[in-house]
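Following the hints, complete the assembly by docking chain F onto the known chain H.
Here is what each chain is made of, one letter per residue.
Protein chains: 2
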Amino acid sequence: MADKLSYFSISSFEFLNGDKRDVKIAYKSINASSPKKALIPTCYGGRVDDTYTFHDTSSSALADYHVIVVAMLGNGESSSPSNTPDFTKSLDYQDQIRAQHALLQHLGVEKLDVVVGFSMGAQQAYYWAAMYPDFVKQCVCICGSAKTSFHNYAFLEGPLAALMQSSDYENGRYREHGKKPTRGIKAFGRAYTAWLYSADWFRQELWRSEKVSTIAQFMKVHEDMVGDWDAEDLIILGRQWQAGDVGKVGKGYEHVMREVISARMLVMPGSTDQYFRYEDSEMEVSLLQNAELATIPSVWGHAAGGGSHKPDAEWMDKRIKAWLK
Amino acid sequence: MADKLSYFSISSFEFLNGDKRDVKIAYKSINASSPKKALIPTCYGGRVDDTYTFHDTSSSALADYHVIVVAMLGNGESSSPSNTPDFTKSLDYQDQIRAQHALLQHLGVEKLDVVVGFSMGAQQAYYWAAMYPDFVKQCVCICGSAKTSFHNYAFLEGPLAALMQSSDYENGRYREHGKKPTRGIKAFGRAYTAWLYSADWFRQELWRSEKVSTIAQFMKVHEDMVGDWDAEDLIILGRQWQAGDVGKVGKGYEHVMREVISARMLVMPGSTDQYFRYEDSEMEVSLLQNAELATIPSVWGHAAGGGSHKPDAEWMDKRIKAWLK
Numbered sequence: 111m112a113d114k115l116s117y118f119s120i121s122s123f124e125f126l127n128g129d130k131r132d133v134k135i136a137y138k139s140i141n142a143s144s145p146k147k148a149l150i151p152t153c154y155g156g157r158v159d160d161t162y163t164f165h166d167t168s169s170s171a172l173a174d175y176h177v178i179v180v181a182m183l184g185n186g187e188s189s190s191p192s193n194t195p196d197f198t199k200s201l202d203y204q205d206q207i208r209a210q211h212a213l214l215q216h217l218g219v220e221k222l223d224v225v226v227g228f229s230m231g232a233q234q235a236y237y238w239a240a241m242y243p244d245f246v247k248q249c250v251c252i253c254g255s256a257k258t259s260f261h262n263y264a265f266l267e268g269p270l271a272a273l274m275q276s277s278d279y280e281n282g283r284y285r286e287h288g289k290k291p292t293r294g295i296k297a298f299g300r301a302y303t304a305w306l307y308s309a310d311w312f313r314q315e316l317w318r319s320e321k322v323s324t325i326a327q328f329m330k331v332h333e334d335m336v337g338d339w340d341a342e343d344l345i346i347l348g349r350q351w352q353a354g355d356v357g358k359v360g361k362g363y364e365h366v367m368r369e370v371i372s373a374r375m376l377v378m379p380g381s382t383d384q385y386f387r388y389e390d391s392e393m394e395v396s397l398l399q400n401a402e403l404a405t406i407p408s409v410w411g412h413a414a415g416g417g418s419h420k421p422d423a424e425w426m427d428k429r430i431k432a433w434l435k
Numbered sequence: 111m112a113d114k115l116s117y118f119s120i121s122s123f124e125f126l127n128g129d130k131r132d133v134k135i136a137y138k139s140i141n142a143s144s145p146k147k148a149l150i151p152t153c154y155g156g157r158v159d160d161t162y163t164f165h166d167t168s169s170s171a172l173a174d175y176h177v178i179v180v181a182m183l184g185n186g187e188s189s190s191p192s193n194t195p196d197f198t199k200s201l202d203y204q205d206q207i208r209a210q211h212a213l214l215q216h217l218g219v220e221k222l223d224v225v226v227g228f229s230m231g232a233q234q235a236y237y238w239a240a241m242y243p244d245f246v247k248q249c250v251c252i253c254g255s256a257k258t259s260f261h262n263y264a265f266l267e268g269p270l271a272a273l274m275q276s277s278d279y280e281n282g283r284y285r286e287h288g289k290k291p292t293r294g295i296k297a298f299g300r301a302y303t304a305w306l307y308s309a310d311w312f313r314q315e316l317w318r319s320e321k322v323s324t325i326a327q328f329m330k331v332h333e334d335m336v337g338d339w340d341a342e343d344l345i346i347l348g349r350q351w352q353a354g355d356v357g358k359v360g361k362g363y364e365h366v367m368r369e370v371i372s373a374r375m376l377v378m379p380g381s382t383d384q385y386f387r388y389e390d391s392e393m394e395v396s397l398l399q400n401a402e403l404a405t406i407p408s409v410w411g412h413a414a415g416g417g418s419h420k421p422d423a424e425w426m427d428k429r430i431k432a433w434l435k
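For the protein sequence lines, the chains are H and F, in the order given.
Counting from 111, one number per residue, gives the positions in the first sequence under this note's numbering.
Counting from 111, one number per residue, gives the positions in the second sequence under this note's numbering.
Chain H on its own, in the form it takes in the complex (with noise of 0.2 Å):
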């Protein structure tokens, strides 16, 4: 990427809680002269610089795209519990969108031509669609929902309460103590990682790497995964996307679903995603106007949309490419 991260702020920003912050938003623009605009916001445990942006070849479909890659508040980047003392108790989706659509403002932006979201990224695409329908005229959903499903926020307990009851998170208390409730954070990742892939995935025993030998020494790795997050940062997001609704920005879900949202939208769920299930966007595309389905056939469950295994984000690529046109 030729461009370094930026930061846009934004003053006295007002939560959907009714709280007022300063609050500044980190992104990172690329091949801003282009004049078809694309915005790609952060998932969950996603940093700017580690969101797969389809645009790293000349033949990537977003290449001639100019690249908004923008990070979620609460993210570590953007303004966050780790980074912004007395930062507000609560995220919502909306929230996260109305300070986008500030930061679009800002950059000259009067319309996206495509929402590019991955997991929390694609839950964000799909308010993008409902809250502001005639700023966004196509959105790519990948391995994510409209409304979180009753599934998914029960798997989300499992890593967050395995994060809060751990020993050294003290009930949020290990901030006065100065240190890191890393054995919670570890349990977190121990608690998330059956999850991210699917059961395929681990009987092809596509775990196996010249590092990791043993399904124990890959769990140990994996506890490592989310090391660098911090665990309020983790808490407020995971809360974020267990209330996941557009049906919230409108009156309800299937009015939203079908009256307000009015994209064009490449819905992409992974065949194998344990916890943005296919169904689920099979019955999300048949309540949209104007939606394609176009399923990921892969073995790596949630993790096929992420961009990191090849194959699959060449596949995205190419099925994204073609839908652009």
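Hints were generated in silico from the structure; no laboratory data involved.
Careful: at least some of the hints might be erroneous.
Copies of one chain are not kept apart here, so a pair can be met inside one copy or by any two copies together.
What the hints assert, rightly or not - Below, in silico cross-link-like pairs of lysine-lysine (DSBU-like), each with a Cα-Cα straight-line distance of 30 Å or less: (1) Lys330 / Lys290; (2) Lys330 / Lys358; (3) Lys321 / Lys358; (4) Lys321 / Lys361; (5) Lys330 / Lys257; (6) Lys431 / Lys146; (7) Lys247 / Lys361; (8) Lys428 / Lys146; (9) Lys257 / Lys321; (10) Lys290 / Lys114.
Remember, predicted model here, so these are calculated numbers, not experimental data.
Frame of chain H; chain F shown alone:
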């Protein structure tokens, strides 16, 4: 059930890890005068009295069998960390089966017509067939596998980490302070819950009941699901489960499955079980000499095999009855 809980003592029982201890095995013997003998070992989190026996009515599959329900070592009824000072530090499926074999000899049972097991009970049934091929004529393996899959291993790490890293588990020193690691056990329950059912089950909102109207309430009820279990009992049996592999009793997994197990086997995975996957059962049936697959068509996930959901229990009962004839 007509008979009450009984105990069988074994002096200086030698565990696979080399330890020797006096142990007692808790069991219940039902309809003892019948010449047809059925053994039902408990599952993880299971007690003798809440084990489904296929014996409730005169038309039940095991109605005319002598049914022996036996508590696993470590379940809190048989000798366990929770009820035995200086209990051994690890358990193996082979320990369970050898102890149960001793119990059956004591009861004068010379052959088992059938071993019926659910979950870890199914794993015990496989071990029975592998360790005492001349003693066991038939096995019914419900929602279980002869070898614990890597995915299954990884999922178990979540609840176990939530418990073992919890603030009141205190690295196992909680006993010294005379209290239970309540928060840890609740976190265990919370990290287990989404795995127990299926995404379809959550989508159909089958978690709703008279007492539960929100998913948050449901999680709260379920965090107490294992509330009467002891932390060390959960851990020692969780580790036994993770290490399950019938191959260890002979020359490796494939050899034992193909050459050693000769019993007639009915393998009953749940169609939506998230951790004992039907795909694994299909593979295992293909290895066995004399096995039949009967996948339980249910959205109840792993819980379909436990007997608490009546339509699934009736489906299994009919299927087992027909197969036993």
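Here is how each hint holds up against the structure:
| no. | hint | verdict |
| --- | --- | --- |
| 1 | Lys330 / Lys290 | both (18 Å within a copy, 27 Å between copies) |
| 2 | Lys330 / Lys358 | between (39 Å within a copy, 24 Å between copies) |
| 3 | Lys321 / Lys358 | between (46 Å within a copy, 26 Å between copies) |
| 4 | Lys321 / Lys361 | between (52 Å within a copy, 28 Å between copies) |
| 5 | Lys330 / Lys257 | between (32 Å within a copy, 22 Å between copies) |
| 6 | Lys431 / Lys146 | within (14 Å within a copy, 66 Å between copies) |
| 7 | Lys247 / Lys361 | within (22 Å within a copy, 62 Å between copies) |
| 8 | Lys428 / Lys146 | within (18 Å within a copy, 63 Å between copies) |
| 9 | Lys257 / Lys321 | between (38 Å within a copy, 24 Å between copies) |
| 10 | Lys290 / Lys114 | within (28 Å within a copy, 52 Å between copies) |
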